[in-house]
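Colleague: Sequence:
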Amino acid sequence: MTPFPSDPTASPESSTHSESHDDFQSIDSAASKSAGDNGYYQPFTEDYNPDPDLQADNGAITESVLPSHRLKQAEHDLETTERYQRQPAIDPVRVAQAPISVVAIASVIVVVIGFTLNSFWLTLAGSLVAFVVSLRLLNPTLQEALSDLTQQQKALLVAIPGLLFGIIGLVYTSGISRPIARWGSGLRWDIISALGDFLGAIGQIFIAVLAVYVAWRQYIISRDLTVQQNLITQQQTIDSYFQGISELVLDDEGLLEDWPQERIIAEARTAAILSSVDASGKAKVLRFLSRSKLLTPLARDQRLGRPILDGMGGYAEDRLTGTRVIDLGVMLAASDLSTTDLRWLDLSAANLIRANLSDCDLVRTNFSRAILCDANLSNTDMMGVRLYYGSLETATPRTRQDKPDYRTGRFTGAVVEGADFTNTRRLSETQRCYCCEWGGNKTRGTIPGGCEGIINRLGR
1351 MTPFPSDPTA SPESSTHSES HDDFQSIDSA ASKSAGDNGY YQPFTEDYNP DPDLQADNGA
1411 ITESVLPSHR LKQAEHDLET TERYQRQPAI DPVRVAQAPI SVVAIASVIV VVIGFTLNSF
1471 WLTLAGSLVA FVVSLRLLNP TLQEALSDLT QQQKALLVAI PGLLFGIIGL VYTSGISRPI
1531 ARWGSGLRWD IISALGDFLG AIGQIFIAVL AVYVAWRQYI ISRDLTVQQN LITQQQTIDS
1591 YFQGISELVL DDEGLLEDWP QERIIAEART AAILSSVDAS GKAKVLRFLS RSKLLTPLAR
1651 DQRLGRPILD GMGGYAEDRL TGTRVIDLGV MLAASDLSTT DLRWLDLSAA NLIRANLSDC
1711 DLVRTNFSRA ILCDANLSNT DMMGVRLYYG SLETATPRTR QDKPDYRTGR FTGAVVEGAD
1771 FTNTRRLSET QRCYCCEWGG NKTRGTIPGG CEGIINRLGR
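All residue numbers for the sequence shown refer to the working numbering, where the first residue is 1351 and numbers rise by one.
No lab work stands behind these hints, which were simulated from the structure alone.
No experiment lies behind these values; they were computed from the predicted model shown.
Possibly wrong hints are sitting among the right ones.
[As the list claims (entries may be wrong)] Quick list of the computed label-pair ranges, beta carbon to beta carbon:
#, residue 1, residue 2, range
1, S1477, A1565, 45 to 55 Å
2, S1778, G1809, 21 to 31 Å
3, D1668, A1621, 17 to 27 Å
4, L1560, F1515, 29 to 39 Å
5, R1653, A1622, 28 to 38 Å
6, D1691, Q1751, 32 to 42 Å
7, A1621, D1691, 15 to 25 Å
8, G1809, R1669, 21 to 31 Å
A virtual CB, placed ideally from N, CA and C, is assigned to each residue, including glycine.
Work out the full structure, taking the sequences as your base and the hints as a guide.
Modeller: This is how it looks when you write it as structure tokens:
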């Protein structure tokens, strides 16, 4: 129990606590009075307990924390009361703006009357009043505009007029203005006027040229943006084709499952995509189909026609009786595949008549039984290109009615009659001999190294 101040047995600590308690009571009474005058003070007692579950053993809160909380509350009430007393009920700026606006309008009317009556003093008085009042009205707007400027911009705003007036003052005080004035008085202004007209015409021509240049640059930028957009659209189309073909020919377990109707739909999609993309897009499609073995003749079982695994993690090939998932046929006839990457592609039995394969990378490409009549193979890399199976002595180009013999090479070779092999790189000796034997007179004249001593077995 805390002793009262009048108790002679009270300790110094109890006296100190009692003094602080008395100070708190005086502050609290003042706050209660001021807050009560404002009508929002609510009486607070120590017995008030907002939490009914609060236990009675929290005596430390009652004796130490609660007085400090009430002290802070009383100080907050005093500050709130003083702030409300200091705050004016009416904004003086808004009250003052109304008569100032009226004075500005009245001064303008006085100026108009002065002009009408040709009165100097009336016009002067109205003008001065209108000028001063207008500056006062514009002052808040100007201050707001200046507050938005950075320190560098404010310095520039002051420096430019100062620099101009400084130059004018230096020219005037240094005496340079007098020679300039004498020189200007001696000029023939008719010649200067003609020179000005000439420079004006030159300026108009320059503006026209500049307008043409700007229009040309806009066309170039628009064209480049169109090309980029077309490339993005083409890539999205190719990605959709890849996804569609994969879902079409694969089952839920990821194995190849191509029924006849699915192969027809896959070939139709391939024909559509190859006819709607450029050379690089065609090369991407061909690389995807070749690496996924969709262009390779695969061995099939005799009952369901499903591909047979080769026991080495892939599907078994059957060049003689196998079935391709996608048969290119004439999809690449007369197509433009120039300057593309066609390495390691299986283009066997593809119809490439009059196709443009110039500047292509054809390393390890399989052209067996392909039709390369009148194809352009100039500047290509022919390293490791397969043109036939079997040996050179027995290999012959394909025919329409004869079945190929992949052991001897009969009727397994590519048809190269009329093909252009100008500047072909890394053409092997066997490749050169085959092209010379079965290319005809036109092809023999384009083969690097010539065909001297090699018989023309085609006969034409």
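Colleague: Look at each hint and say if it fits the structure.
Modeller: Checked hints:
1. S1477 <-> A1565: 45 to 55 Å: Given range 45 to 55 Å: holds, Cβ gap about 51 Å.
2. S1778 <-> G1809: 21 to 31 Å: holds, 24 Å
3. D1668 <-> A1621: 17 to 27 Å: holds, 24 Å
4. L1560 <-> F1515: 29 to 39 Å: For F1515 against L1560, whose Cβ atoms are near 35 Å apart, the range 29 to 39 Å holds.
5. R1653 <-> A1622: 28 to 38 Å: holds, 32 Å
6. D1691 <-> Q1751: 32 to 42 Å: About 35 Å separates the Cβ atoms of D1691 and Q1751, which means 32 to 42 Å holds.
7. A1621 <-> D1691: 15 to 25 Å: holds, 22 Å
8. G1809 <-> R1669: 21 to 31 Å: Once the Cβ atoms are compared, 28 Å apart, the range 21 to 31 Å for R1669 and G1809 holds.
In summary, this structure violates none of the numbered hints.
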